[in-house]
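**Student:** Could you build the full structure based on these sequences and the hints that come with them?
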Amino acid sequence: MGKLKRENLFKTAWFHPSFRIGFLGSFFFIILAIISIFWTPYNIEELNIANRFAPASFNHLLGTDFFGRDMVSMLMKGALTSFIVAVLAVVIGMIIGVPFGLIAASYGGIIDNILSKTNDFLFAFPAIISAIIITAIFGPGAINAMIAIGIFNIAVFARVARGGALSIKMLQFIDAAKLSGMGELKIAFKHILPNIFSLLIVQASVQLSLGILAEAGLSYIGFGTQPPQTSLGLMLKEAQSFFLIHPTLAILPGLTIVLIVIFINIAGDGLRDVLDPRLAKEETLDAAG
Amino acid sequence: MFGSILRRILIFAITIFVASLVIFLLLDILPGDPARFILGINADIEAVAALREQMGLNLPIWERFWHWFFGLLRADLGISVTQNVPVAELIGERLFVSLPLAFFALILAIIIGIPIGIIAAQNRAKFIDSFLMILAQIGIAIPNFWFGMLLVLLFSVKLSLLPTGDFISWNEDFAAALRSLILPSIALALPQAAILARIMRTSLVDISNADFIRTARAKGLTKKQAIWRHGVRNAILPIMTILGLQFAFLIAGTVIVENVFYLPGLGKLIFIAISERDLILVRGAIIILILIVSFIMMLVDIAYQLIDPRLRLRG
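Line by line, the protein sequences are chains S and E.
The first sequence begins at 1 in the working numbering and counts up by one.
The second sequence begins at 1001 in the working numbering and counts up by one.
The hints are simulated quantities; they were obtained by calculation from the structure and are not laboratory data.
Heads up, a few of these hints could be off.
Unchecked claim - Covered by chain E, per the in silico footprint, the following chain S stretches (three or more residues, Cβ under 8 Å): (1) 125–137; (2) 211–217; (3) 243–249.
To be verified - Cβ-to-Cβ under 10 Å is the rule here; a few derived chain E residues that face chain S: (4) Leu1153; (5) Val1255; (6) Gly1267.
Built from N, CA and C at the ideal position, the CB exists for glycine as well.
**Tutor:** This is the structure:
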């Protein structure tokens, strides 16, 4: 696990076909999402009812929706929100979960016991339950969906960090560090953390794709992104009442979600193969349910 | 063994207590006065004060919590502010839709996922393995509710085989109720089946390197026979824990999927309760969700201990 240096990780992974396909695919959607911050083919805040439900044409490559908004522009903006929510949820999960996992593994005993029990409890709860509580308190919104998904991610990263740290702790260089007088915490962050870094990156790719799915589910039932903002899930919610007559309005955002998730997943699988073939057996469950 | 089962039940009880406390406190800090909500904005102050007294809202927070918690133990969750009906009754009605839906989905996921995993493992690294795993990869990436929309489009609109929604209650027409759960349970089951197939395949592939499989091969069984006769039984155990987690996620999933099919499940109830700020109802619905999920996790852990002889001996 620790054999690969961080800088070489990307280069080595690049030669793995599924990583390359997945990375290029996700990169394509990420670039489209980033471009949408500065530019979209049409302004999605301008409604053009006269031109609603327009079919695909040279002017509107994927047609327009029920407000006459350009679908390509909508998908770009929607993907941006979905990515932001999922990425920040991963960041929340890592920043809080990883230290928890490291502390549990370093100190062991009752601290480990309490942290792990709490964690098992959080882990059993799909993002939707925390989303319901958060929505009841603060009202719906993209940020609240992000926090709900983040809470689930905390449990996941704490578990992965703890497991990884426990296996590294057995190694001799940790004993050496202890003999040199380093404290448990210092060892955890200075020696163990760098060695479980790759493990965490692989898990981040899994949580990223689960986050995109969870955001979609939460926005679809009205607990996530709210208009006038848009996200891929919200587009599906808005398409709900029209999709029997205009199926493309629902098919396009859904297909975008599926493609993004597949690309992230195969990139993650490739990365996992490169880092450690033994890890290939780890599987994760759906966060949104 | 009884000791560890007892310990597991105790953990369940503590979990529910802590969860109730957290939910009660979180929802209690919310602004808004239920008494004023019931009487309307124009009600006079004395009437509101009288109702507050009657509803016990003036009691200290700890007393209100104990009152609610002991009510929960007696299946009494209070009375909905907006609908004026006992919360337990409202939730119970909805569970008759959500629980069967999650259960059917779990069965479907097992029926589809496990055999696919076994077939893929038996044909490891052959075309059929890659093909099935690509299918699983796609299955995992499809949002269940979107798959539901596609199913509605195909089966209800294009082929007009199954209803698009509008649940008829079980008492009224059992067959019709069952029929309206078919598409939603397929939609819910798909991603879980894909996950199960992948886990089943990887744990079988892992096991196929084990000594007892090598022994079985040495006795003359083919790889397929060895995996079928000796591998599957050993791979089922880890699958069981996963199934418990999956059922929890399926329950949560119904909250989303029922929207596609306009089913009157828990999700709709919660959504309306939140938008009308009926916090007594929201609180009840959340704790019931948590209760179901924790209960299933406990059952799985106990079942695991009963089945696995290694754990049984340890006691």
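**Student:** Now tell me if each hint is right for this structure.
**Tutor:** Consistency of the hints with the structure:
Counting residues of the segment 125–137 of chain S whose CB lies closer than 8 Å to any CB of chain E gives 9, so the stated coverage by that chain holds, three being the minimum. Coverage of the segment 211–217 of chain S by chain E holds in this model, with 3 residues showing a Cβ closer than 8 Å to a Cβ of that chain against a need of three. Beta-carbon proximity to chain E at under 8 Å applies to 3 residues in the segment 243–249 of chain S; the threshold of 3 is reached and the given coverage holds. A hinted interface residue such as Leu1153(E) counts as satisfied when its beta carbon comes closer than 10 Å to some beta carbon of chain S; here the least separation is about 6 Å, so the hint holds.
Look at Val1255(E): its Cβ gets to within about 6 Å of chain S, closer than 10 Å, so that hint holds up. Of the supplied interface hints, the one on Gly1267(E) holds, with its beta-carbon coming within about 6 Å of a beta-carbon of chain S, less than 10 Å.
The structure agrees with every numbered hint stated previously.
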